[in-house]
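Construct the complete structure from the given sequences, taking the supplied hints into account.
Next come the chains, spelled out residue by residue.
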Amino acid sequence: MLATLGVLAIIASFAVSTINIVLSAAAIRRRDDRLVQTVRYGLYSNFFFLAAALICLLGALYRTDLQVFYVVNHSSATTDPFYKLTSLWAGSSGSYLFWNFLNAAFTALYVFMNRHRPKGEMPYSFLVLAIIAAFFSFIGAFFHDAQPFRTLSEPMAIGRGLNPLLLHWAMIIHPPILYVGYVSFSIPFAIAMGGLLAGRLDADWLKTIRRWSLFSWFFLGTGICLGMKWAYEELGWGGYWAWDPVENASFMPWLFCTAFIHSIIVQERRGMLKLWNVVLMHLTYHFTLLGTWITRSGILDGPHSFANAEFGIPFIIFIIISAGVYLAIIVDRRHVLVSEAKLESLTSKETGFLLNNLVLLLIALMIFAAVMTEPVTKWINSYDPSVEVIIRKQAWYNSYVVPFGLLVFFLMGLGPLLSWRRTTLKGFYNSILWPLSAGVAGVFAAPFLYAYFKPGLSYGQLLGDNTGGCITVGIVVLVFTGTLQELYRGYRARRTGFPQESPWRSGVLFIVRNKRRYVGYIVHIGLAIMFLGFSGRAVEENTKLTFFMQKPTLSMQARSGKDISGLVFADGNVVPEKTGDAGRENNARFAVVYGSETGVGDKQYWRGYTLEARRLVLEPEFPQRNLNAGIRTPNVEARIHLRGDFILHKGDETLGVLTSWRTFHPQVDPGSAAMQGSQPSSHPAIHNLWLEDYYVQLGSILDLNKDKNPDLERIMRNINYAPNEEAWRAAVDQLPESVEITARVWLNPLIKLVWIGAVFLGLSTLLIIIPAGEKKNFTI
Amino acid sequence: MNIKIQFSILFAALIGAVYFFSAGDEQSGQLSAMPRYQLHEYLEKNDAGDIASGQMVLVMGNIKPGTIKLKGETAEFEITLNNKSMPVYYDGQDGIPDTFKPGAQALLEGKMGKSGIFKAHKIQTKCASKYSQDTVQ
Chain A
-8 MLATLGVLAI IASFAVSTIN IVLSAAAIRR RDDRLVQTVR YGLYSNFFFL
42 AAALICLLGA LYRTDLQVFY VVNHSSATTD PFYKLTSLWA GSSGSYLFWN
92 FLNAAFTALY VFMNRHRPKG EMPYSFLVLA IIAAFFSFIG AFFHDAQPFR
142 TLSEPMAIGR GLNPLLLHWA MIIHPPILYV GYVSFSIPFA IAMGGLLAGR
192 LDADWLKTIR RWSLFSWFFL GTGICLGMKW AYEELGWGGY WAWDPVENAS
242 FMPWLFCTAF IHSIIVQERR GMLKLWNVVL MHLTYHFTLL GTWITRSGIL
292 DGPHSFANAE FGIPFIIFII ISAGVYLAII VDRRHVLVSE AKLESLTSKE
342 TGFLLNNLVL LLIALMIFAA VMTEPVTKWI NSYDPSVEVI IRKQAWYNSY
392 VVPFGLLVFF LMGLGPLLSW RRTTLKGFYN SILWPLSAGV AGVFAAPFLY
442 AYFKPGLSYG QLLGDNTGGC ITVGIVVLVF TGTLQELYRG YRARRTGFPQ
492 ESPWRSGVLF IVRNKRRYVG YIVHIGLAIM FLGFSGRAVE ENTKLTFFMQ
542 KPTLSMQARS GKDISGLVFA DGNVVPEKTG DAGRENNARF AVVYGSETGV
592 GDKQYWRGYT LEARRLVLEP EFPQRNLNAG IRTPNVEARI HLRGDFILHK
642 GDETLGVLTS WRTFHPQVDP GSAAMQGSQP SSHPAIHNLW LEDYYVQLGS
692 ILDLNKDKNP DLERIMRNIN YAPNEEAWRA AVDQLPESVE ITARVWLNPL
742 IKLVWIGAVF LGLSTLLIII PAGEKKNFTI
Chain B
-10 MNIKIQFSIL FAALIGAVYF FSAGDEQSGQ LSAMPRYQLH EYLEKNDAGD
40 IASGQMVLVM GNIKPGTIKL KGETAEFEIT LNNKSMPVYY DGQDGIPDTF
90 KPGAQALLEG KMGKSGIFKA HKIQTKCASK YSQDTVQ
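Line by line, the protein sequences are chains A and B.
Taken in order, the first sequence gives residues -8 to 771; the numbers are from the numbering used here.
Taken in order, the second sequence gives residues -10 to 126; the numbers are from the numbering used here.
Possibly wrong hints are sitting among the right ones.
[Said to hold, decoys possible] Computed, partial: chain A to chain B, Cβ under 10 Å:
{"id": "1", "residue": "I382"}
{"id": "2", "residue": "K384"}
{"id": "3", "residue": "L402"}
{"id": "4", "residue": "R483"}
{"id": "5", "residue": "M666"}
{"id": "6", "residue": "S669"}
Keep in mind that the hints were calculated from the coordinates and are not lab data.
Note that the structure is predicted; figures quoted are calculated from it, not measured.
Even for Gly, the Cβ is constructed at its ideal location relative to N, Cα and C.
Below, the structure is given as structure tokens:
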């Protein structure tokens, strides 16, 4: 029922969007204000239809309607209610609906905020938005892999549940925030194109477009940072950025928009770069579409993109046509985009902005070329097999993209020091003297910082092996010094202008009164902090440590038995607990603890730290719902944890307990409710030290007697679900006598600065976005 | 001199300088680009002697069920595609991925060893999981 309503809502959304296109075109042609008003209602109703569709899907997910295919694939009755709702974006079609909905929501917001505007100005941007909405709903209505409401003739027996990798706080907020960033770019784009078509490119237009693009830029950037945090804390490979195509897909529009929000300042101040700005907005928007396409079309074989989608072809056709048509419009209207001023000097702010823009563009295009290497060579290969399919590896990005990133970062440090129009050579020299000298000093001081992480290496080795890192540190110093110098200059100017003001008041007001400029510099500081964090990668290290452990003997069981709920040992046998609580009793479980006879674990010394492997705990976990209801959990709903408890020491001091585990999530066949296999997920443990993270991930477990890795998950399932005592004993006998466990360990220097810088960056951007300070009256 | 020309020279000089230094930085021993073959393609080319011995490549295939032997962080298994199969030894450099399972699609990075066993340094696996697919099978 809900599913049928959902389908109807999507079809209605397509219908109303098509009507919106016709009506807004007619409104433009006839200059009819009443038609504009009708389109407004049309755009609102598209939002309501898609909201209805979204509510239908959420309802089906919440009620675990196992007749809906999407629910079967991404949720289950035992999924936590909160995660049931977040499964909205766990699959391709659900997230596509969410995407479409957000687009309609932003469109409605834009229409609402401009409700008092003269109607004659609006139909052009309405037309642009209606075309986007109609296309999205067209795909949603007619392509079954973009349609989360497909139903099965009979309800399935059980749901597959949420992909275990998505069970993480950052994964709950990362997709919606990223989507907001992606999707909301259609608004500044529509404003840009609408203004261009209407021939209205005044200061008001500029301001509106600037605010919206900053908003989208903020969300896209925040979404990317949250993705990094998730990757770091959940995936267990020690890092946060791998130049994965999906990451690149979101990074490219971010780069274009970064260029845009800077060059728009030049247009505002000097009336220059008008054509360039419109082109940048065009690129930003079409790269958000392209990013969606790269992620969803299945053209890449990357492990974390969605599977092949049928709508890949129409989607890319739409992108190409849209990009072509709007480019033609820009070319056609280039006469209204003529520059009002010319570049006057190489040592001017304009030059700085332009250089920065060009390098950002270059980086984005380099990444694009690298991402497209695989699909393009694959396509050529299908016609001419002698051409090999080539994949660009991470090393390529690190070798080529990162240095250009440093160049942008360097220009970011210089930009604020330059003046508009022209800087006299003396003034230029005075401005850059201190920051540049400090930066150079920073490069040569960096090895002293790195010496902390790599003791024993000579100064020359530290400088020579980590040149990139040292240069980064130098530029960070330059950015800091330059920004502080500019902030101080701003403060001095305020003091001179308002000598009667208290110093504190001046200190606040010089920033508030010129918020965009000075808070903009503070945004730069946030980025510099992140870059300092990135520079830690230069001295990152990782290794594998192995530890010996034994199967519990009676004496060990007595010691460790109490540590685990639901485990009591008697006479050398493991028996389930009895608690008197029906739920727990019915869900009594067997856990097994490996350790050492003495209770002190095997220890390994590495890079100044000693890691002790205290215990390896093998235990099942049952869903809370079953515990509450007192129902015995079937095998297909039980997860098996392999948990390593490590203790981190430095010298005699114990720093803390690090618990890393691997969980085996059952995968079921929804029709028969039989278990098909399982999907493991890794959970690293991270110990935060001031300057570095000690990052541990439990790796493989080797049976030392049989010299191969035992299938501990299966053994634990056999023990917990043995039909009789004989089977139980047979299963227990399969437990290895002694094991060697591997811990994969990373020392990640300065990584905390990445997160601190990201928070700083986000908060300071928010300060610019919120409509306070500067001039009060604003319109969006 | 015209400011546009000055600007172009400045831009070109900056890009050139960075490119010069970045190109010089590519010596970490990791390859920045690699050819990628389907398993059967790779075996054909290898048999024909079209692939230099010791050349690092990417090979795509599916992990053959029943052939996996895990020992610590290392793995021995076979990959298969289009009725061809090839034994693989993975040195465990990055550990065994969570999605490493029978039937999973694997992208191996490595080179052919002397004994006809492919030595893999890196494995990317994409499980034939139902999670990412929305289509009825």
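Okay, the hints, checked on the actual structure:
Look at I382(A): its Cβ gets to within about 5 Å of chain B, closer than 10 Å, so that hint holds up. The restraint placing K384(A) at the interface with chain B holds, with a minimum CB-CB distance near 6 Å, inside the 10 Å limit. With 10 Å as the threshold, the beta carbon of L402(A) comes within range of chain B, its nearest partner Cβ sitting at about 8 Å, so the hint holds. Contact between R483(A) and chain B, as hinted, is not supported at the beta carbon level, the nearest pair being about 31 Å apart and thus beyond 10 Å.
A hinted interface residue such as M666(A) counts as satisfied when its beta carbon comes closer than 10 Å to some beta carbon of chain B; here the least separation is about 13 Å, so the hint is violated. A cut of 10 Å between beta carbons decides the hint on S669(A): the least distance to chain B is about 9 Å, and the hint holds.
Of the numbered hints stated above, those contradicted by the structure are hints 4 and 5, listed in ascending order.
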